[in-house]
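Enquirer: Each chain, written out:
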Amino acid sequence: MPKFLFVYRNAAEMDMAPPSPEVMQQILAAWGKWLEQVAKNGNLVDGGDGLQPTGKMVRPGGVVSDGPFIESKELVGGYSIIQADSYDKAVVFAKTCPIQANGGWIEVRELAGYA
Amino acid sequence: MIVRNAIGAGLPVRHRPCVGGLMPEAEKLVEHFFRHESGRLVARLTASFGTRHLGLIEDVVQTALLRALSSWSLRGILPDPSAWLAKVARNLAIDRLRRDLRWNSLDAQAPVEVNDWHDSFDAAEQEIDDALLRMLFVCCDEAVPAESQIALALRTLCGFDVREISRALLTSEANVAKRITRAKEKFRTTNVNPTALTPTMIRQRLPSVLSAVYLLFNEGYSSTLADRLIRHDLCEEAIRLALLTAEHPLTAGAETAALVALLLFHASRLEARLDDAGSVLLLEEQDRTRWDAALIAEGFRWFSKAAAGDEVTRYHAEAWISAEHCRAASFRDTDWNRIIRAYDLLVRLAPSPIHELSRAIAIAERDGPDAGWEALQAIDAGRLPEQYHLWAATAGELARRRGRIDDARRFLIQTQRIAPTNAERELLQRRLELLQAQ
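Chain order of the listed sequences is A and B. First residue of the first sequence: 14, per our numbering; consecutive thereafter. First residue of the second sequence: 81, per our numbering; consecutive thereafter.
For the record, the hints were derived by calculation from the structure and aren't laboratory data. Small disclaimer: the values here were computed from a predicted structure and weren't measured.
DSBU-like, lysine-lysine: derived pairs with alpha carbons at most 30 Å apart:
1. Lys264(B) / Lys167(B)
2. Lys16(A) / Lys46(A)
3. Lys53(A) / Lys108(A)
4. Lys53(A) / Lys16(A)
5. Lys108(B) / Lys16(A)
6. Lys16(A) / Lys69(A)
7. Lys102(A) / Lys46(A)
8. Lys102(A) / Lys108(B)
9. Lys167(B) / Lys69(A)
10. Lys108(B) / Lys108(A)
11. Lys108(B) / Lys53(A)
12. Lys108(B) / Lys46(A)
13. Lys46(A) / Lys108(A)
14. Lys102(A) / Lys53(A)
15. Lys167(B) / Lys266(B)
16. Lys108(B) / Lys167(B)
17. Lys167(B) / Lys46(A)
18. Lys108(A) / Lys16(A)
19. Lys16(A) / Lys102(A)
Just chain A, same shape as in the assembly (with noise of 0.2 Å):
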């Protein structure tokens, strides 16, 4: 079956408000209810992690700089793995993760398995 990976994004508005403790855990408690329809029927291959929201940027002749990322207008927030049919069967997981409730959106890329 397909392997695709799911990139989730956030908007970088650094001036957005964090969610109130109360709201985190209703967005927490939205998250495992969706993985957990996901892994149902053995779609999920691994939840991935969340991603630090800083980083390093290693370019060619050995420049190091640090994040965040200013000049990109978005943030990777963390990726899954996760297994179907099709992209558009993958699409439809897609479609319900609870990240769009909070502005967010997914990038959906199959892997292309070669090894």
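Fit chain B to the supplied structure of chain A, relying on the hints for placement.
Expert: Using the frame of chain A, we list chain B on its own:
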């Protein structure tokens, strides 16, 4: 409504191997886990680093919670989420403090104590309760106005954000932010070390802490404008804080037990006191089967604790009144003799025309509307500027019962004009329509 376990929002999940790092559906975090963890962490960090760093502490607690959200969303909740949060928040706080110190090396009085709870992330519940209690006493500093005390307690101890507090207290976000900022500014310039509060200081401050908790409860209980969820949350938080004082060795005693009993009795009627349209129902109109029997039972347990010893406080008198109502199977079964005795006690311990007004209503129930009217006339209504509408409403009702329909109408119309809330105006409208039918 969770009451008993609300304080130690401690360890909500057990470790069990689960596929793909996901928590099975059943192993959810306890209700309000994030909010209560926020309160526990702010209290613990403030106990470690003092109030001067309150702003920084709130920042790092928020960051820790956000990291938890981002990681647990995908990997599932960790076996011991409280300990994880404590470790992350504490490390963040120390990093930030070190950085600030480097920026401001003159500030040598603010040593970063790295070893305080370094090895005790799994601090005993008692230690955490101690930090929470002390934080509550910090919030209720005499130098902070009562309304700021409540906003600050909701922010720091209960984990509400400014928007939620403004919804709960029915005031603007800007107003809430202002109240909190002022209080925090005071604590920044005059550092308070919560662990340095002596037992004597705590005993001295207890009355103002209890009245803040009572006020907080009333915000939730009396408001009919705020939505039901947030009203419940406020009442629940007030009970949580009252239990904190009643169960802590420094503050446990008859007075705190009486307050807990009082709040539990009131809370038992929370659902029954509004109809589906959100209008206030009087005691006699309420469906008593909707009163929460578990809360009443718990209330009586605390009421008997409050009765141990010689101390009698205004909370005893109020809890007694409430207990009598809870005891009565129906409005007709109410023991007005005992209720009037309880009001006598209340008026003696906490003189107030509002209490006298309630007493006059009880007298009307026991001895008839003429006696009630007499008791009402004995009250100096001029001492009731803010709540004068309650006096006029009572006068209208008693006049109706005495058959003085014109007087009744006059009082009710007058009341309707000055009643502060819609729910009250609707109640008065119902009364007026009843009058037309007579």
